[in-house]
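Number of protein chains: 2
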Amino acid sequence: MTDIEITSADRAIIRALQHDCRMSNAQLADKVGMSASACWRRVRLLEEAGVIAGYSAIVDADRAGLGFHAIVHVRLSRHDRGAVQRVMSELSSRAEVVECFATTGQYDYHLRVLCADMAAYRRFLDDFLFRLPAIESAQTNVVLEDMKRRIVVPV
Amino acid sequence: MTDIEITSADRAIIRALQHDCRMSNAQLADKVGMSASACWRRVRLLEEAGVIAGYSAIVDADRAGLGFHAIVHVRLSRHDRGAVQRVMSELSSRAEVVECFATTGQYDYHLRVLCADMAAYRRFLDDFLFRLPAIESAQTNVVLEDMKRRIVVPV
DNA sequence: AAGATAATCGGAATAATCTACCGAATAGAT
DNA sequence: ATCTATTCGGTAGATTATTCCGATTATCTT
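Residue numbers (the UniProt record's numbering), protein chains in the order written: chain A, 1 to 155; chain B, 1 to 155.
Quick caveat, the hints were computed from the structure, so don't treat them as lab data. Glycine included, every Cβ here is placed at the ideal spot set by N, Cα and C.
Label-pair restraints from in silico Cβ distances:
#1 Asp127(B) with Ser8(A): 21 to 27 Å
#2 Ser92(B) with Phe128(A): 29 to 35 Å
#3 Ile4(A) with Ser92(B): 27 to 33 Å
#4 Gln27(A) with Gln85(B): 34 to 40 Å
#5 Arg75(B) with Ala38(A): 47 to 53 Å
#6 Gln85(B) with Ala36(A): 40 to 46 Å
#7 Asp146(A) with Arg75(B): 15 to 21 Å
#8 Ser35(B) with Asp117(A): 33 to 39 Å
#9 Ala38(A) with Glu145(B): 33 to 39 Å
#10 Asp80(B) with Asn25(A): 45 to 51 Å
#11 Asn25(B) with Ile4(A): 28 to 34 Å
Turn these sequences into a full structure, and let the hints steer you where they fit.
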């Protein structure tokens, strides 16, 4: 992955592609005020540099049948390397866990979890999360309203 | 937006497009075992039904120059309709706030915030967040490690 | 400042892809 | 069994991506 310096044109490209990455290259070039080929080259560079890490369909969780959404605060009872690594890999390999961050503060991890319904979440807790070694506590904060739908990085 | 029933083929399509929404329709059809035209029709239906809400480039925040990442727990001092609405709209219109959820539990909101650096975050707090009316407390949990990079809804 | 070198530009050609339309096949209802 | 409605896969024309090339601009050396 080559390092690149991000220009203001790049930022415009990134913003546009975060908003809709299936627009044609000609449209994109027009929107950011470049020629089609220059724009295409720049996109390729951003991909190669890993600034654009991929392209993803944005799925409406509710409409996809995922009615339960929560943010879970997790605390570990042990912090030795082995336990931490085990928990990390287990958590991030689990499909329901759509985000997983190790954080400073009162909790060791912040998870965002999506399930079909509360029953499925219950199973997630009982059959998976609480069976992980070294989980001291897991506090569930149910999401009442998702106030920002699109994941856009402010560039 | 028409309602549709989501088949197992749809789930395969959604999974594939969450992983890479720029693959060609022919590739996608091949991957999910459909003919190109059937697959294309199904994708269009998923879009029209709002299950697929859009397509976005996934940006590596670090490489894009956003070195500060935190989860912020926000509590309000008042919960009347006016104050809540004001806070909600201010928060979600702010670029640094990449996610904003209203939640049950000890806090009223969970924010995920991305900034260039700590100084920028300081400005975000002092010049914006703490100036919002009715903010009782805002607790910053700095993200030490992002353990799950791709936003994929488990369908 | 002048010249040499390298990087970047926009436009054109072609290879690949999308998208709409078609008749055939299938499933459901009467 | 027959009609109707839906879904199927394949095809064709329009659109788009991607490469290549000469021209232009920027950088560096002397």
